[in-house]
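Asker: So the chains spell out like this:
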Amino acid sequence: MTTPATLRATAEEQAAHLPALLARAEHLAGAVLLGAHGRRRAGVGDDFWQYRPAQMGDSRRMVDHRRSAMGDQEFVREREWQIAQSVMLWVDQGASMRFSSSGKLPQKADRVRLLGLALAILLLRGGERVGLTGTALPPRRGTPQILRLAELFTRDDETDYSPPEHRAMIPHARAVFISDFMGGLEGVQLALTKAADRGVRGVLYHVLDPSEEAFPFSGRTVFESIGGTVRHETLMANDLRSRYLDRLAERKAELQRLCALTGWQYGLHHTDGSAQSALLWLYGALDARAGGVA
Amino acid sequence: MTVLGGIGFTAPWLLAALLALPILWLILRAVPPAPVRRRFPGVALLLGLKDDESVSDRTPWWLLLLRMLAVAAIILGLAGPVLNPQNEQADGSGPLLIVLDGTWAGATRWPRQTEAIEAQLTRAGRAGRTVGFLSLTRPEKPAFQSADVWRSRLAGFTPEPWQPSPADIDRAAAIMAELPSFDTLWFSDALEYSGRETLLGAMQARGNVEVFQTSGNVMAIAPATYEGGVIKLSVNRTAAGLERDVILRAEGRDPAGNARILATATAYFDTDATVASAELSLPAELRARVSGFSIAGERSAGAVTLTDDALRRREVALIDSRNDAEGLQLLSPLHYIEKALAPNADLIHGGLNDVLPANPDVIVLADVATLSPAEQGPLTAWIEQGGMLVRFAGPRIAASDISRSEEDPLMPVRLRAGGRSVGGAMSWGAPKTLAAFRDSSPFFGLEVPEDVTVSAQVVAQPDPTLAERAIAALSDGTPLVTRKALGQGQVVLFHVTATAEWSTLPLSGLFVQMLERLAVSSSSASPAADSLEGSTWTPLRVMDGYGALSDAGSLPGVDGADLLTTPTGPKLQPGIYASGDRRLARNVFAADATLTPAGWPADVPVRGLAVAPEQPVAGWLLSLSILFLLADVVASLALSGRLLSRSNATLAALLALPLLAQPAPATAQDTADNFAIQSAAEVSLAYVLTGDTKVDDVARAGLTGLSDVLFFRTSIEPAPPTGVNLETDELAFFPILYWPITPEQPRPSAEAYTKLNDYLRSGGLILFDTRDADIARFGAASPNGRKLQDLAAPLDIPPLEPLPEDHVLTRTFYLLQDFPGRHLSRDVWVEAAPPDAEQIEGMPFRNLNDGVTPVVIGGNDWASAWAIRSDGGPLLPIGRGYAGERQRELAYRFGVNLVMHVLTGNYKSDQVHVPALLDRLGQ
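Here the protein sequences come in this chain order: Z and Y. Last residue of the first sequence: 673 (my numbering), numbering continuous. Last residue of the second sequence: 1339 (my numbering), numbering continuous.
Source of the hints: derived by calculation from the structure; they are not laboratory data. Don't take each hint at face value.
[What the hints assert, rightly or not] Below 25 Å or equal to it, Euclidean Cα-Cα: the simulated SDA-like pairs (lysine to any residue) are:
no., chain 1, residue 1, chain 2, residue 2
1, Y, K466, Z, D618
2, Y, K466, Z, D651
3, Z, K631, Z, D618
4, Y, K466, Z, A632
5, Y, K466, Z, G606
6, Y, K466, Z, D539
7, Y, K466, Z, M615
8, Z, K483, Z, D651
9, Y, K466, Z, R622
10, Z, K573, Z, A632
11, Z, K573, Z, P589
12, Z, K631, Y, T1138
13, Y, K1110, Y, T1138
14, Y, K466, Z, E633
15, Y, K466, Z, R626
16, Y, K648, Y, A675
17, Y, K466, Z, L564
18, Y, K466, Z, P589
19, Z, K483, Y, R454
20, Y, K1110, Y, D1188
21, Y, K466, Z, L647
22, Z, K483, Y, R453
Just so we're clear, the structure is a prediction, and the values are computed from it rather than from any experiment.
Sequences are here, hints too, so could you generate the full structure?
Answerer: The following block contains the structure:
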C-alpha cells in the first residue's frame, strides 16, 4: 500500500535523475512572486549577475570587498533578478484509477501519484511554488510542501470517475492534470475553459492501462467499474472490441481538440511504459518554449 | 465375449450408448458458457453498445470434441474391451490336465512358462473347464479344480534340479491310468529323457495332447577341472545353429566375505557345435575362493557347477632333518612324499620358522626328532588354530628320547626306545602286512594291497588312549599311524619312514589315498566311486532348480558310492557334500553328459511359449477419459479467461502438493550423530549434569567464563561448554569433565560407569568438586564428601595424594602454588607420584614424566569463581574487595593450568624447560 513515506521515497528516486526543472514563467504581475527564474537583468536573487562600480546611494554594506580590493575602485556585486512560478497539480484519485490489468503492472493510481509527486519535487527544487488545484493545498515553496503533497496523494477518492478540480486556480499559473479521463468530458471541458479564462496554461496527461488500450476480452462478460457504479453485460465481448477502440480514439481526439483550443498540451502514457520517460515528457512540456506560450 | 475388429467386449450392448453422442453434442452446443465478471474502468466507454447477435458466444468445436471424446472413452471403457482375446479356436470341454516337466532345464524360462500356463488357465476358466496339474519331477495325483483356484497357486510351482527318473515316469503313467478322460497340455522343458514316449502314449489314450515347448536353447555347464595350471570349463547346448559367445562367471566370496563374480571367461560355440570350452587361469589365492561357475544369462541348476576340493590345492610345507646335507635325490626322506603330493598340492620348502608365517595347510616333518623351544611354541600355536602336522618316523626319532617317558605335545603317542625291526636278516618272522582299516578310521573303505609290508617301525607305548589314537595298524595289531587332536588341529604320526627304507608303503597307491583321506592332498580328478566306498557324506548346501544354494538343513547323509553314480533326485539333491574335512560337489550336469533335445511325433501339435496375453483395456480408457476431462477443465478456464487470474492460487496449490511430502524428521540416530559431530569439531569443556538446575547453571556459567579466559589468554579456543548426561552421551569427545557433587544426584548406571572408566583410561580427566570448602579435610564427614566417595567407588581411580609442590599442575601455564576457587582450601588431590620418583640434586622438582592425572579432587567450588553472566561480568561475589578479585584471578589461573595440563600432558615437566622455569622462579 502506498504510504506517504514510500511514495515520497520512490518519487525522490525518480526526480533525482533529472536536472532541476525551471518552468517557464510568464511575465504577468499578478502571479509573479520572487522565485528562481532568471530574468536576464539585475535584481534580487541568489545567482551572480555582474559587478558594477559603486555609485552614490549604494550603501557601504553593498560594496563587494573581494572584488574592490583588487583595485582602487569600489564595486558592487549585483545578482540576477529571479521570480518564481506557481504550478498547480490535479492528480486523479478516483476509484477508476485503482486498476491494473496484471500483477506485473502498477495501478494507474500508483503511477499518476508517482509522476505527480516527482514533478512536484523537481519543481520545488527549481524554486517553484507547487500546490494542488482546489482549496486543499495552495501553492507554496520549500521542501515541507513535498510532505504535504505526499500526504494528500495517498488519500483515495471513492468517486468512480472524479471530474478535474478546477476551483481556486491562480490566474496565469501553470497547471498539470493527470488522469485516465474515463469519466464525462464535460468536467474536463469546464475545467479547461475556466483555466483558459484565467490564463492558466498546462498539461493534460492521459494515463491508461494497456488493457484499456487493447480490450483483450472475449466471451460472455459482465464489465463493472471499479467502484461498482457502472455495469455492462455482453454476450460476445470480442465483438465490442472495435467499437470500444473507436470510442477511445474519439475521446483522445476530443481531449486533444480541447487542448488545442485552450493552449494546453496533451500527453498519453501507458502504465507498462517507463515512469522516467513520462516524467521527462512532463518536464519537456512544462519547460516547452515551443509550447506556444507568448 | 463379442469380438469386434480384433477387440473383444465383455459388455458389447453398452456400445449402443455411443449413439447418444450426437444428441449430447447438440445440447452442449446450445448451452452458453457462464459469464465472467470483470472489473474494467473502460466500461464507461461501453455503455450503450448493443451486441450484434442475440446468440451468445458458442463453445468452440474443439472443446466440444474433447468432451465428446471423454464421454466416448467412458462408454468404451465400461463396455469392457479386451485386447488379444483368446478365442481363435473352439475351447474343448471336460477336464484339462496340465503336465509340467518341472526340471532345471526350464528354470531359465520359468516366468514365461508361467505366463503361458496362466493364459491357458484363463482360457480354461472361460470355458468352465476344471484343471489338474501334474509335475513329472514330483508326480502326485492331480486334484481337478477350477482354473481360478490354480491361478492363485501358480506361483507355487518351481522347477526341480533333476530330471524325471524312471520311477517318477512309472508313477505318473499309473496316475494317468486312474483318471477319467482328459485333454493334456504338456509344458515340456525341451530336454529328452527316457520314458517320454510311454507318457505321451498314456496321455493320447485319454484325450488330445498339445505340447508347449520353448524354442530357445537349453545350456548346461560341466564340472570344472583343473589341469596344467588352468581351470577348464565346458558348456553344452541342445541344438547347434548359431555361433555365439557364452560368458562364464567364476563366483565366490571376496576377502570381505561378500559374494561376487571373481572372474569371467568366454566360451565360443561354433556354428555347428553343441559343446564349447573355455580356460581360466587364476592365481591360487583367487582359485581357492571360487565356489562355483555359472553361465551368464541362464538361471537354472544346470547352468551352475559347484567346485569342491578338486580345485583347491593345499599348501604343504615339507621339512626334513637334513636339509643341510647333500645326498642323492632318491635318498631324500621327502622324495616319495613330494612325488605323491606334487600333482595336487603346492609345496613349500624351507626352515620351520620360515614357512610358519606362510600359514600352510599342512606341515610334514620327516624324521625330525627335536624342535627348539623357539620353534615349538609357534608350531603348537599354529596347530591349535587348525593346522595339521604330519610326522614320519625314522632313525633319528627312533634314536632320540622324544616322547619317551611322557608324551610330547607334538607327538600323538609315547614311543618305546629303539623301535623294532621285523623280517630283516637278523630277525625272525616275516615283514608285517597291514590290517584292514577299522570303521572308526578315516581310512575305512580303502583297499589294503597285499604287497605293502613293514620291516621296521617305531613302537608306541601302550597307553589308555592308544586304541583310539591308532588309525591304522599292522596285522599284529601294532599301531602304524596314530593321530591326536590338538586344539583345532591335529598331529599325525606315521610310525615308518617316508622313504622305502622301513616299509613299502610309500611305494604303493595306498600311500597317496591315505594322504588324500587325511586331507593332506586333494585329488585333482573327481574321485572314483570305489574310493568313496564306506564313507558317509552329509549335504552342506543344496541347490534348487534355479541354481541358487541354500542350507541343506536336516537332509540325510548319502553313501559315498551313491554320491557319484546315482542320478540326482529328491534323495540326492545337487549341492555340496562333506565328509570330515573333505568336500565334494554333486552337480546337476555331469562331466560326460550330453544334452539331447526332445523330439515329438508329427501328430502332436507343438507350440511355443510366446503368448500375447489378454489385456483388458477398460482401465486405460477410463483413465484416458479422466485425462480428457481434466484437459477440458483447463481449456474451459482458459477460454473464459479465468485460468491465470483467479485460479492462480489453485494452480500453485496443485503444483505445491507434491512438495508437501517432505522427508521424515530427523531421527534419534541423527541426533546422536549431530552431537558427536558438534562435540568432535571443536574442543569443548564439559560438565556433568547433576539434575540440580542451580548447580548445573553455575557449572555452565563457570565453564563459559573459563572458556573465555582460555580464549583470551592462550591458544586454546574452546567452543561453548557442553552439559553431559552420563547415561546417554558419549564422553570420548571431551578432554575434561567437571563434576560438581551434590548429595541428591543419582548414581550413574553400570553402563555409565563402564563409559567413565573407559574415559579415564583413555586419557580423560574428571575434576570432582565437592563445593564444600573441604571443611571435612577430604573426609566423609560432609554430605558432599560422602556422596563423592559413593560416586567414585566404582571408578578406576589410582592412588591419590595431595597435590605436591612440584606437580606439573603448578606450572603448565602459570606458576601457581594455590588453587583457590570460591573457597580457599589448600587440599587438592591428584594421582600419586610413583614411589621411585626422586628429586635430583639442584633441581626444583622431581622428574615425573608419567601422563595426565585422571582425576583432580577438591572442594573449592571453582565453577562459582569462574562463572560469568551473559554480559561478561562475574556471576557470584568472591571474597571481599580487591582480595576477592585476586582470588578469582587465581581461580582462573588454576583453570587455565588444568586445561593446559589435560591438553599438553606433562610437557612442562620436561627437563628442557627447567632453565627457563628456574630463571623465572629465581625472580
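Asker: Please go over all the hints and tell whether each is borne out by the structure.
Answerer: Tested hints:
1. K466(Y) x D618(Z): Roughly 10 Å between the alpha carbons, so the hint for K466(Y) and D618(Z) holds.
2. K466(Y) x D651(Z): Not satisfied, since the Cα-Cα distance of roughly 31 Å exceeds 25 Å.
3. K631(Z) x D618(Z): holds, 22 Å
4. K466(Y) x A632(Z): holds, 23 Å
5. K466(Y) x G606(Z): holds, 23 Å
6. K466(Y) x D539(Z): Holds, at roughly 23 Å.
7. K466(Y) x M615(Z): With Cα atoms ~10 Å apart, K466(Y) and M615(Z) stay inside 25 Å; holds.
8. K483(Z) x D651(Z): holds, 9 Å
9. K466(Y) x R622(Z): holds, 10 Å
10. K573(Z) x A632(Z): holds, 20 Å
11. K573(Z) x P589(Z): Violated, because 31 Å separates the two Cα atoms, which is more than 25 Å.
12. K631(Z) x T1138(Y): violated, 77 Å
13. K1110(Y) x T1138(Y): This hinted pair holds, its Cα atoms lying about 16 Å apart.
14. K466(Y) x E633(Z): Since the Cα atoms of K466(Y) and E633(Z) sit roughly 23 Å apart, the hinted pair holds (cutoff 25 Å).
15. K466(Y) x R626(Z): Answer holds: K466(Y) to R626(Z) is near 14 Å, not above 25 Å.
16. K648(Y) x A675(Y): Distance of about 22 Å is within 25 Å: holds.
17. K466(Y) x L564(Z): With Cα atoms ~22 Å apart, K466(Y) and L564(Z) stay inside 25 Å; holds.
18. K466(Y) x P589(Z): Measuring from Cα to Cα gives roughly 24 Å; hence the hint holds.
19. K483(Z) x R454(Y): holds, 18 Å
20. K1110(Y) x D1188(Y): OK: K1110(Y) and D1188(Y) at ~15 Å, within 25 Å.
21. K466(Y) x L647(Z): Status violated; Cα separation ~29 Å.
22. K483(Z) x R453(Y): Between K483(Z) and R453(Y) the Cα gap is close to 21 Å, so the pair holds against 25 Å.
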